[in-house]
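Student: Residues per chain, in single letters:
Protein chains: 4
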Amino acid sequence: MMFLEKIKSEGIAHLSYILGDGRDAVVIDPRRDCEIYAQIAAQQGTRITRIFETHRNEDYVIGSEDLARRTGATIHHGKALDFSYGEGVSEGDTFEVGDLVLRILETPGHTFESISIVITDKNYGDDAVGVFTGDALFIGDVGRTDFYPDRAREVAGALYDSIFEKLLPLGDQTILYPAHGAGSVCGDSMASREFSTIGHERLHNPVLKKTDRESFIDFKVNEHHYQPPYFRKMEEYNQYGSPPLHTLPQPIPLSAGDVEKAQKDGAVLLDLRSPEAYAGAFIPGSLAMPLEMIPAYAGYLLDYDTDIILIPETPEQISEAVEHFIRIGYERLSGYLKNGMHSWEVSGLKYDRIGAVHAAALEQRLKNKEDFTLLDVRQISEYKQGRLAGATHIFLGELRNRIDELDPDKPTVTFCGSGKRAIIAASILKRHGFDKVEDSLGSMQACKNVGCELQQG
Amino acid sequence: MMFLEKIKSEGIAHLSYILGDGRDAVVIDPRRDCEIYAQIAAQQGTRITRIFETHRNEDYVIGSEDLARRTGATIHHGKALDFSYGEGVSEGDTFEVGDLVLRILETPGHTFESISIVITDKNYGDDAVGVFTGDALFIGDVGRTDFYPDRAREVAGALYDSIFEKLLPLGDQTILYPAHGAGSVCGDSMASREFSTIGHERLHNPVLKKTDRESFIDFKVNEHHYQPPYFRKMEEYNQYGSPPLHTLPQPIPLSAGDVEKAQKDGAVLLDLRSPEAYAGAFIPGSLAMPLEMIPAYAGYLLDYDTDIILIPETPEQISEAVEHFIRIGYERLSGYLKNGMHSWEVSGLKYDRIGAVHAAALEQRLKNKEDFTLLDVRQISEYKQGRLAGATHIFLGELRNRIDELDPDKPTVTFCGSGKRAIIAASILKRHGFDKVEDSLGSMQACKNVGCELQQG
Amino acid sequence: MMFLEKIKSEGIAHLSYILGDGRDAVVIDPRRDCEIYAQIAAQQGTRITRIFETHRNEDYVIGSEDLARRTGATIHHGKALDFSYGEGVSEGDTFEVGDLVLRILETPGHTFESISIVITDKNYGDDAVGVFTGDALFIGDVGRTDFYPDRAREVAGALYDSIFEKLLPLGDQTILYPAHGAGSVCGDSMASREFSTIGHERLHNPVLKKTDRESFIDFKVNEHHYQPPYFRKMEEYNQYGSPPLHTLPQPIPLSAGDVEKAQKDGAVLLDLRSPEAYAGAFIPGSLAMPLEMIPAYAGYLLDYDTDIILIPETPEQISEAVEHFIRIGYERLSGYLKNGMHSWEVSGLKYDRIGAVHAAALEQRLKNKEDFTLLDVRQISEYKQGRLAGATHIFLGELRNRIDELDPDKPTVTFCGSGKRAIIAASILKRHGFDKVEDSLGSMQACKNVGCELQQG
Amino acid sequence: MMFLEKIKSEGIAHLSYILGDGRDAVVIDPRRDCEIYAQIAAQQGTRITRIFETHRNEDYVIGSEDLARRTGATIHHGKALDFSYGEGVSEGDTFEVGDLVLRILETPGHTFESISIVITDKNYGDDAVGVFTGDALFIGDVGRTDFYPDRAREVAGALYDSIFEKLLPLGDQTILYPAHGAGSVCGDSMASREFSTIGHERLHNPVLKKTDRESFIDFKVNEHHYQPPYFRKMEEYNQYGSPPLHTLPQPIPLSAGDVEKAQKDGAVLLDLRSPEAYAGAFIPGSLAMPLEMIPAYAGYLLDYDTDIILIPETPEQISEAVEHFIRIGYERLSGYLKNGMHSWEVSGLKYDRIGAVHAAALEQRLKNKEDFTLLDVRQISEYKQGRLAGATHIFLGELRNRIDELDPDKPTVTFCGSGKRAIIAASILKRHGFDKVEDSLGSMQACKNVGCELQQG
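Residue numbers (the working numbering), protein chains in the order written: chain S, 324 to 780; chain H, 324 to 780; chain U, 324 to 780; chain L, 324 to 780.
FYI, nobody ran anything at the bench for these hints, they're computed from the structure. Watch out, some of these pointers could steer you wrong.
Same chains, same names: a pair is fine if it fits in one copy or spans any two.
[Stated by the list, open to error] Straight-line C-alpha distance at most 27 angstroms; calculated DSS-like pairs for lysine-lysine:
1) Lys692 <-> Lys771
2) Lys584 <-> Lys753
3) Lys329 <-> Lys533
4) Lys759 <-> Lys673
5) Lys532 <-> Lys692
6) Lys673 <-> Lys692
7) Lys707 <-> Lys532
8) Lys759 <-> Lys533
9) Lys673 <-> Lys690
10) Lys587 <-> Lys331
11) Lys673 <-> Lys532
12) Lys445 <-> Lys329
13) Lys759 <-> Lys556
14) Lys690 <-> Lys329
15) Lys753 <-> Lys733
16) Lys331 <-> Lys733
17) Lys445 <-> Lys556
Owing to the predicted nature of the structure, the values given are computational and were not obtained by experimental measurement.
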């Protein structure tokens with residue numbers, strides 16, 4: 324039986340695929356916790372014989388090597404980069420999987436060695452049924468081209484050519500299988516819909532409306548993207564190989580006393596709970612990191628050589644956090660506070676709290692011209708689209724390094740899109756000795772819903 | 324989050340879908356064991372508000388009413404049939420699901436009230452992203468039009484119009500979501516690939532190459548399809564409602580003695596094991612029905628008012644058999660032989676065996692002109708494509724009623740495509756007093772592989 | 324194969340059992356979500372033929388009737404109560420299950436019709452291997468005898484006789500299978516260990532050291548137990564039958580606006596989050612009910628005819644809350660706030676907060692003789708064992724009816740064992756217009772750990 | 324929370340345990356696929372800190388080292404053997420696990436370094452609540468003492484002392500947690516019941532009725548046990564360490580042609596199907612090994628350095644076979660025949676069949692004094708308890724080496740307890756060129772049920 328399954332990794336919004344027919348299966352861009360591909364292959368009565376990497380990823384650790392160790396599969400990637408493992412493929416190479424044929428397209432732009440993989444069905448002509456586009460073409464967006472800043476126009480042009488001269492010509496009927504969905508740091512404007520075709524993108528992808536090559540290039544070189552520092556680690560791992568991961572790390576349960584001691588010994592306490600819970604009571608010195616924010620922000624705020632202790636709301640959050648972390652290469656997850664904040668509270672150890680400011684109250688303070696810092700930590704693009712007057716802007720990912728720009732003695736209200744980044748920012752300020760910190764629960768979304776006046780540009 | 328999941332029911336090769344965005348979800352053609360839709364909806368944080376039936380199905384029991392009872396959803400179907408439940412919809416009706424819009428197309432042909440449902444995304448123009456086509460258009464085939472024999476050309480023409488004037492005009496970019504995949508009794512020639520688009524079908528679906536209306540009609544009215552007798556029950560259930568199914572039937576474990584007694588009391592013993600196992604030892608009077616053959620053949624051979632006792636190879640087969648059966652409306656699954664055939668053997672009760680004939684030996688017998696019946700029970704179309712000389716053809720589904728055409732005293736070898744239907748036929752002959760029955764393990768496939776001479780036409 | 328499995332329902336700390344041999348299985352005291360027994364029975368290749376109720380339970384809805392409907396099993400219970408369903412059994416009745424024999428002992432005391440069920444193994448003599456003791460004998464405690472206040476000494480004496488004249492004489496070798504473990508409202512002093520024998524209890528169960536009948540009775544009649552109002556509903560259900568439960572209720576996702584409207588229409592908003600999260604931000608008018616507190620306190624605070632809307636921390640909490648609720652007979656779980664408190668915050672609707680007082684600060688306030696109410700809501704027995712000077716005691720279960728005893732204008736700090744009941748109390752005060760409410764996170768445990776001075780008696 | 328869970332490995336009927344309280348957990352005698360212990364520990368919020376081996380096992384590969392690698396736990400075993408890993412413990416050593424105390428008893432006999440581990444609960448006196456007895460004392464039986472044939476009376480005496488002077492004195496109230504249950508090769512007479520106490524064993528364990536030391540020793544030295552050759556491998560692994568097992572082997576799907584080739588290249592084809600299925604059609608040269616027979620017989624018939632190809636009835640059998648195999652140290656599970664025997668049949672390759680003889684027909688043949696070999700392959704003890712007149716006895720485990728004692732030209736009927744070992748024997752004879760082989764389906768059980776005349780002694 325022919326089968327094609329999409330495996331989505333939430334958080335990094337990464338899409339990988341397993342495709343098989345008869346006794347063989349292939350995997351496209353496997354994630355690091357790769358057990359799932361082996362399971363699907365076994366259920367389908369197939370063996371994974373090939374693994375394709377559409378490009379060297381910078382936002383997560385690719386699982387090719389671990390999966391190859393388990394299955395004996397061959398790893399393939401584009402030739403334009405010098406990988407320490409695997410075999411290069413070139414334009415036009417074909418691979419048979421039962422009645423399917425996979426054909427390589429070289430589609431540089433996002434990276435130089437990016438490839439796309441076209442699916443055709445031997446029994447139904449030569450036209451493409453589908454195409455794995457990696458980070459070249461997404462649903463509603465195209466790939467980033469900000470990784471070679473000194474060759475910016477060149478790579479943007481390459482991406483134009485890859486899309487307009489190779490992908491669109493596959494025909495409108497071609498189903499699109501990209502490497503990321505909405506929520507990825509690899510694109511700001513992806514659709515929340517995860518099914519589309521070359522034809523539907525040609526008609527409605529906003530970026531593809533820039534059909535003129537120069538306009539397309541202009542648009543791309545003027546885009547703004549942040550590059551979290553952890554990208555460097557990912558690039559290193561994905562080019563030269565990552566540490567084998569036989570089993571997932573299993574953080575051990577710790578008492579409040581254990582956690583206090585670990586913190587003194589240099590571990591970072593990472594609080595996975597919601598903004599309200601953190602604001603209600605937190606361990607002094609801990610860093611707020613609501614569980615779902617790990618993929619996007621942990622890589623800005625955590626070092627790879629520090630022990631991480633988790634403060635969870637529920638036990639289930641531990642394994643979810645572990646998945647998020649190993650996918651971006653963090654493995655020193657040494658323990659967690661058993662029974663969460665409750666066990667800290669009953670121990671009698673000190674806890675701290677953070678004030679909350681409702682949107683209406685915040686606007687009132689601004690109108691009253693009260694003396695305080697309104698710290699907006701959103702991305703610059705969000706900030707420009709609409710902000711409260713008088714806000715100070717420092718992007719959350721840069722706050723650690725720019726904290727000296729702020730006055731620790733002044734009352735400060737942290738602010739973001741909906742309140743999640745604001746609590747992280749508040750916890751950073753607290754760690755740096757800011758005393759009078761409040762958090763805008765709901766932040767910009769609440770402001771809009773209560774009708775606050777916004778500035779733009 | 325927008326999501327679209329395909330739920331496949333193996334055996335009947337039925338494809339249903341759940342589609343959601345925000346807080347609402349809709350289900351297309353739910354199966355009877357409908358727990359799975361409720362689970363997916365809950366995981367996605369949505370409630371199922373609408374259920375669409377693309378048409379009154381004749382090959383399985385639709386689960387709309389059970390699912391509506393659980394969820395409070397509204398059921399919709401085409402207006403051209405007088406259903407006892409649900410609400411009719413018409414060409415052009417639209418339904419919003421978050422940012423998605425579903426639009427009704429009336430696409431008669433397979434049945435008069437057949438509808439298709441077009442998906443568009445508000446944020447990305449008016450062009451179709453996908454379409455649920457029910458039994459109008461499949462991947463590699465089109466729907467059957469043999470249900471109104473006295474209006475044969477009319478319905479074939481209607482199907483032509485539905486496809487060529489409504490579905491193809493949606494555009495090549497439209498992803499195809501049909502109600503069946505390969506293996507269904509609703510079409511002989513579907514692709515084993517389960518992903519395609521309107522564009523790819525336009526280019527490569529063999530039936531769509533008949534672009535001339537009259538040629539298309541000629542082709543359709545000359546097709547041959549079997550109609551299992553259970554279709555009548557399904558039509559009744561799906562138009563007027565089926566018995567509620569709160570929990571799946573749970574056959575109880577029986578000893579060999581219990582099974583012997585139940586058989587005397589009129590129960591049919593249904594042996595789920597492989598052809599080899601059945602041939603190796605079986606309970607006299609039992610009917611062979613290798614597990615995976617239930618969806619296609621149980622409806623020819625079993626009555627709805629007889630108790631069924633299962634003879635399994637492994638305990639896991641019980642629940643799989645139950646799923647197959649309730650989907651086609653059989654609920655009297657009263658028990659199973661605990662520990663399978665082994666417990667019958669150790670009880671000392673009598674068992675019987677069936678001989679096996681290798682393809683090479685079979686050909687030799689034919690060459691030697693030995694006096695025996697070679698009973699080929701395949702579909703007539705398979706028979707015409709290639710057969711051994713001298714074979715007697717009776718389709719398996721008709722064997723019960725045509726058994727008088729055979730001589731019970733003559734040695735008989737049963738024969739089919741690969742040996743599974745042959746064992747069913749052998750067991751039927753045994754039940755009717757045929758003594759000298761042998762089974763061609765491997766049957767036509769083995770014959771081809773050993774190079775037997777075949778006749779055609 | 325012989326098997327015996329314990330099924331524990333967390334929260335109510337209810338222990339039920341399934342026991343089987345050969346083709347038959349029996350269930351002791353099934354819970355209402357009874358799918359699990361049918362699953363185990365099927366996996367073991369058995370059918371459930373009998374269900375035993377050790378007594379009419381008052382703390383949860385028994386699942387006998389639902390399970391009997393699924394399986395056709397016969398329900399058995401003691402004869403001394405007039406049940407609307409099932410069959411009575413008497414001292415000495417025996418039931419064979421393969422090689423096992425179950426023998427009935429009448430063991431009144433907890434209730435008049437209480438029975439115990441002795442297990443012997445035909446192949447290994449007549450001595451008991453184990454005994455299901457229901458609520459007669461627990462590990463580390465014995466059953467409550469406060470349900471017939473006008474016959475208090477009589478029932479305590481009956482329990483003495485049941486234990487000393489029937490259960491202990493079974494012999495030290497008898498494994499104990501009671502109906503509850505630690506955490507149940509059916510006993511305050513059960514061991515956290517869930518495995519023991521008649522012999523180990525005879526040696527070390529503190530209550531069994533009162534070997535003199537009168538001392539035992541004195542001890543029992545002087546015990547104090549609370550009887551939540553929901554017990555009346557359970558008694559009614561368990562004697563006369565409960566509504567059938569085909570599938571678990573599935574609360575639907577609601578927006579902040581939906582929730583606001585439902586509240587206005589009379590629904591109660593039940594906040595399942597932790598004390599810290601509730602204190603950090605909550606919906607005005609909502610009732611705090613940390614998930615794990617439902618079994619013990621929902622029955623004091625919620626009516627059976629009011630719609631319940633859940634405010635969860637994580638989606639997983641919904642199904643867990645549903646399980647807790649249906650086991651104590653609440654089924655009107657109409658919806659939940661999708662994305663939890665976050666969606667309320669971004670909607671711009673008003674939220675409220677509760678102050679937190681650290682144990683050290685609390686003691687300081689007391690020393691400073693500040694004017695405030697310290698409201699201790701623990702059970703009276705906990706209060707007597709150790710309390711802060713000056714505390715006002717009202718048991719949480721009684722707070723709703725005794726709230727007039729408190730001054731709404733005075734600052735109030737709620738206090739309990741570890742902070743969970745304190746947050747419930749705080750939310751009740753808030754609902755009744757108390758403005759200056761603070762919560763002692765950590766409460767008594769924190770006080771002990773920081774060395775607060777305690778009073779006793 | 325205190326918890327104690329039994330983990331049973333079917334087939335080898337091995338019982339291991341995980342026991343925990345608070346933040347610590349310990350494991351007793353872990354199996355090699357040790358993921359399950361880590362999962363339970365994590366669910367319970369505990370870390371595994373210690374692993375106890377009650378003795379060096381000879382019938383399976385202990386998983387201590389793999390589990391220690393995952394968890395950092397310390398491994399403990401008795402001091403009387405020179406292990407390459409872990410730490411020795413001595414009589415009286417104690418280990419605290421929350422409120423539990425584990426105390427070591429040296430209980431030699433089965434092996435010299437065997438230990439038992441007593442559980443007491445700090446809060447409930449010093450009496451034992453339970454005891455892990457390893458292979459010293461089982462339910463209904465005691466451990467084997469045949470591993471030191473030149474010191475037979477010494478070790479039998481040591482076992483007597485261990486049981487009568489150390490285990491029974493723990494008191495009747497002590498729950499028994501042995502290392503094996505019914506079906507293990509470590510004892511013939513264990514009860515099928517898996518719950519008991521020291522008291523119940525003292526009263527009803529048949530072996531413990533030999534209270535006189537010399538009678539006990541006489542009984543033990545006269546017992547007969549078989550020692551499969553694979554025991555040597557297990558002893559080596561369990562004393563000096565076994566190869567690490569990061570993930571379970573995953574046999575790959577093979578076509579009939581692949582399998583034929585692998586067989587030619589020296590792989591052994593192992594047919595996991597039922598006796599009936601094998602008899603109905605099998606691959607010439609394959610070895611019958613009904614799935615559930617692997618633990619008891621694979622170790623007699625398979626070498627450690629040969630590739631094994633599996634012929635399954637259902638795909639699910641593959642992973643079950645893998646579990647059975649890795650537990651006894653076989654890892655060269657290179658592939659399996661995809662779609663099982665069906666794919667062999669359709670390939671046109673030759674298959675073979677085995678005749679079946681009903682018990683009644685068999686007795687008739689014996690009465691008729693037909694000239695054939697009736698080969699009884701049961702254990703000698705079964706043979707002595709009752710056999711058909713004229714049977715030739717060769718134990719299945721010895722058949723490979725004693726096949727020369729049989730006449731390959733004589734018709735041969737294989738015979739065992741219920742037909743499973745008989746089919747293995749039949750396949751061995753076929754492999755050795757015996758042509759006229761038949762199998763007695765049902766064997767001795769069927770004979771008894773049809774009233775065959777039996778001889779004894």
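Student: Determine for every hint whether it applies to the structure shown.
Tutor: These are the hints, each one checked on the structure:
1. Lys692 <-> Lys771: Within. Shortest intra-copy distance 20 angstroms satisfies the 27 angstroms Cα cut-off; inter-copy 46 angstroms does not.
2. Lys584 <-> Lys753: The answer is within: 20 angstroms in one copy meets 27 angstroms, while 38 angstroms across copies does not.
3. Lys329 <-> Lys533: This pair counts as neither: shortest intra-copy Cα distance 30 angstroms, inter-copy 34 angstroms.
4. Lys759 <-> Lys673: both (18 angstroms within a copy, 22 angstroms between copies)
5. Lys532 <-> Lys692: Answer is neither; intra-copy 45 angstroms and inter-copy 74 angstroms both fail.
6. Lys673 <-> Lys692: Result: close only across copies, 23 angstroms inter versus 34 angstroms intra.
7. Lys707 <-> Lys532: within (23 angstroms within a copy, 54 angstroms between copies)
8. Lys759 <-> Lys533: Answer is neither: 48 angstroms inside a copy and 60 angstroms across each miss the 27 angstroms cutoff.
9. Lys673 <-> Lys690: Between. Shortest inter-copy distance 20 angstroms satisfies the 27 angstroms Cα cut-off; intra-copy 36 angstroms does not.
10. Lys587 <-> Lys331: This pair counts as neither: shortest intra-copy Cα distance 38 angstroms, inter-copy 40 angstroms.
11. Lys673 <-> Lys532: neither (57 angstroms within a copy, 43 angstroms between copies)
12. Lys445 <-> Lys329: both (22 angstroms within a copy, 24 angstroms between copies)
13. Lys759 <-> Lys556: Classified as neither; 36 angstroms inside a copy, 51 angstroms across copies.
14. Lys690 <-> Lys329: neither (51 angstroms within a copy, 53 angstroms between copies)
15. Lys753 <-> Lys733: Only inside one copy: lysine 753 and lysine 733 sit 13 angstroms apart there, 32 angstroms across copies, limit 27 angstroms.
16. Lys331 <-> Lys733: neither (44 angstroms within a copy, 54 angstroms between copies)
17. Lys445 <-> Lys556: neither (41 angstroms within a copy, 39 angstroms between copies)
Going through the hint list in order, the structure does not satisfy hints 3, 5, 8, 10, 11, 13, 14, 16 and 17.
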